[in-house]
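Peer 1: Take a look at the letters that make up each chain.
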Amino acid sequence: MADHRLGEALRAYRLIAGMWVRSTMAYRASFVMTTFGNFAATALDFVAILLMFSRVGALGGYPLPEVAFLYALTSISFGLADLAIGSMDRLGRRVRDGTLDTLLVRPAPVLAQVAADRFALRRLGRVTQGALVLGWALTRLDVEWTPDKLLLMPVAMVSGCGIFCAVFVAGAAFQFVAQDASEVQNAFTYGGTTLLQYPPTVFAKELLRGVTFVLPLAFVNWLPALYVLGRPYPLDLPRWTAFAPPLVALACCALAGTAWRVGLRSYRSTGS
Amino acid sequence: MGAGRLYAAVAAGGFRRYATYRTATAAGVFTNTVFGLILVYTYLALWDVRPHLGGYDRAQAVTYVWLGQAFLAALALGGGGVEDELMERIRTGDIAIDLYRPADLQLWWLSADVGRALFQLVGRGVVPFVFGALCFPVALPSDPLTWVAFAGTVLLAMLVGFGIRFLVALSAFWLMDGTGVVQMAWLAGFFCSGMLLPLNVFPGTLGEVVRALPWSSLLQAPADVLLGHADVPATLAFQGAWAVALLGTGRLLQRAATRRVVVQGG
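Protein sequences, first through last, are from chains R and W.
Using the working numbering, you'd call the opening residue of the first sequence number 1 and step up by one each time.
Using the working numbering, you'd call the opening residue of the second sequence number 273 and step up by one each time.
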């Protein structure tokens, strides 16, 4: 039964996203330009890091290749989440102008419809940019690769994507209540990935506790990456927590799913 | 006299219009504060390694971060000024109605943008700045004259910022869809204004080049005046010259656009 529902949701998502891709591809030049723009805009964050390292040799005790490694992991995770369901921050607008009603009467799960709405392939720009930085970082890093470290990397990227997806869904659920406040979730999505680009040693302990135990963004890249780099996490967590990201991602998605259902149930149409 | 009242009314309208969305403003304040918090820690890490980087000390670097967050919305450094609406009006042809009005197009939109900027400075800028000043050591001047000079640089920054964005918006007369131009202008502005990193931290020649460009009037110039890091008359003259040059170019372009371009419309 649950499998059937999930399959139905994925099928709806695939159909709607495919429709948006076809519509984007009608204007190829525009697609190429906006993808490049996305690539360049997201690369600015890395340019800031490069500018910093033009003046210093290490930040928070981390040299450039290690910071680039952190940057790349969070960029890929966040980029994938943004690509998959990044348009969910438009939900507040749909609630305001009443167009959410259209989605409610269609025979497909609302979450899948909202997630696939305006699916934008140009967001591959951020993922590509993160992958390039990762490639560069891997050639410069001084790491003794073991099978568990090699396995941890893709697992961390996928789990990180899951954690960010949960943030997007929870943010959308919040917009059922606070329709105008869609910018709040930027603090956790874009703000989150900006935070994770830098070494945890840079930030205050209270902030680290917040993003480890309350909103577990630290599991996106810090904990697994620090395990790979052989560096200690400032908060003295046991070593096995480096392998916890999949569990954390599942828990986050479950909570976000609950929040979504509560939000959707509380929805009242504008009625006009 | 009558014309002055008209543009004052437009500016007041711009102010009130943005003041209407209180939840959105509160959300923006929250997001600016979170970003400021993240940036402050990265800057402090940078200044820990190089204590007098770019001639700033730690407190000055912290002040710079919160100033940037206070200016982000007001100077539309992250987008969101009146240019989006102006471009949409050019694209749809509604601009024809604006041109029929007994008011100057550039002054009309400048007034609306100044009204918007003043609200965003007060509504979205003050709270993150005060939060930053209370939670971190900041370097604020005690001399009231410095604050007056700072206010002058902020007003000029609003003029320069609008000057650039008005040129961007007018490109829609020729390009129709200005998404690409807007994106490029945003990238250049974010990089060259000092939002990414203070311009005096940029290395060598790159630093000198970005400091001569108009975008340095937006954040770097007011910040340097507030932090007592720049010669006040020279800074005001630099900003004033760019404001005149950009608004003057805007005038010429506006004349060319309204004469030659056939307005869209059905």
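None of these hints come from the bench; they were simulated from the model.
A couple of the hints might just be wrong.
With the Cβ distance kept under 10 angstroms, some of the chain W side facing chain R (calculated, not the full set) [said to hold, decoys possible]:
no.	residue
1	278
2	279
3	282
4	287
5	302
6	303
7	309
8	327
9	476
10	477
11	478
12	481
13	484
14	485
Given the structure is predicted, the values throughout are model-derived calculations rather than measurements.
Backbone N, C-alpha and C define an ideal beta-carbon position, used for all residues, glycine too.
Peer 1: Using 10 angstroms as the Cβ threshold, decide whether residue 478 of chain W counts as touching chain R.
Peer 2: Holds, about 9 angstroms.
Peer 1: Interface hint check: residue 279 of chain W, Cβ to nearest Cβ on chain R, cutoff 10 angstroms. Holds or violated?
Peer 2: Hint on residue 279 of chain W: violated, closest Cβ of chain R at ~29 angstroms, above 10 angstroms.
Peer 1: Measuring from the C-beta of residue 327 of chain W to each C-beta in chain R, is the shortest one below 10 angstroms?
Peer 2: Hint on residue 327 of chain W: violated, closest Cβ of chain R at ~12 angstroms, above 10 angstroms.
Peer 1: Does the CB of residue 303 of chain W sit less than 10 angstroms away from some CB of chain R?
Peer 2: With a minimum Cβ separation of about 4 angstroms from chain R (threshold 10 angstroms), the hint on residue 303 of chain W holds.
Peer 1: Using the nearest Cβ pair, does residue 287 of chain W come within less than 10 angstroms of chain R?
Peer 2: Interface hint status for residue 287 of chain W: violated (18 angstroms vs cutoff 10 angstroms).
Peer 1: Should the hint that residue 278 of chain W touches chain R count as held when the rule is a Cβ pair under 10 angstroms?
Peer 2: 31 angstroms, violated
Peer 1: Close enough to count: is the Cβ of residue 282 of chain W nearer than 10 angstroms to one in chain R?
Peer 2: Hint on residue 282 of chain W: violated, closest Cβ of chain R at ~24 angstroms, above 10 angstroms.
Peer 1: Under the criterion of a CB-CB separation shorter than 10 angstroms, is residue 476 of chain W in contact with chain R as hinted?
Peer 2: 9 angstroms, holds
Peer 1: Can you verify the interface hint for residue 481 of chain W: is its Cβ closer than 10 angstroms to any Cβ in chain R?
Peer 2: 14 angstroms, violated
Peer 1: Under 10 angstroms, Cβ to Cβ, is where residue 477 of chain W needs to be relative to chain R, so tell me if that hint holds or is violated.
Peer 2: Violated, because the Cβ-Cβ distance from residue 477 of chain W to chain R comes to roughly 12 angstroms (cut-off 10 angstroms).
Peer 1: Does residue 302 of chain W meet its interface restraint, that is, does its C-beta lie within less than 10 angstroms of any C-beta in chain R?
Peer 2: Given a least distance of 6 angstroms, the restraint on residue 302 of chain W holds.
Peer 1: Measuring from the C-beta of residue 485 of chain W to each C-beta in chain R, is the shortest one below 10 angstroms?
Peer 2: 16 angstroms, violated
Comparing the model with each earlier hint shows violations of hints 1, 2, 3, 4, 8, 10, 12, 13 and 14; every other hint is respected.
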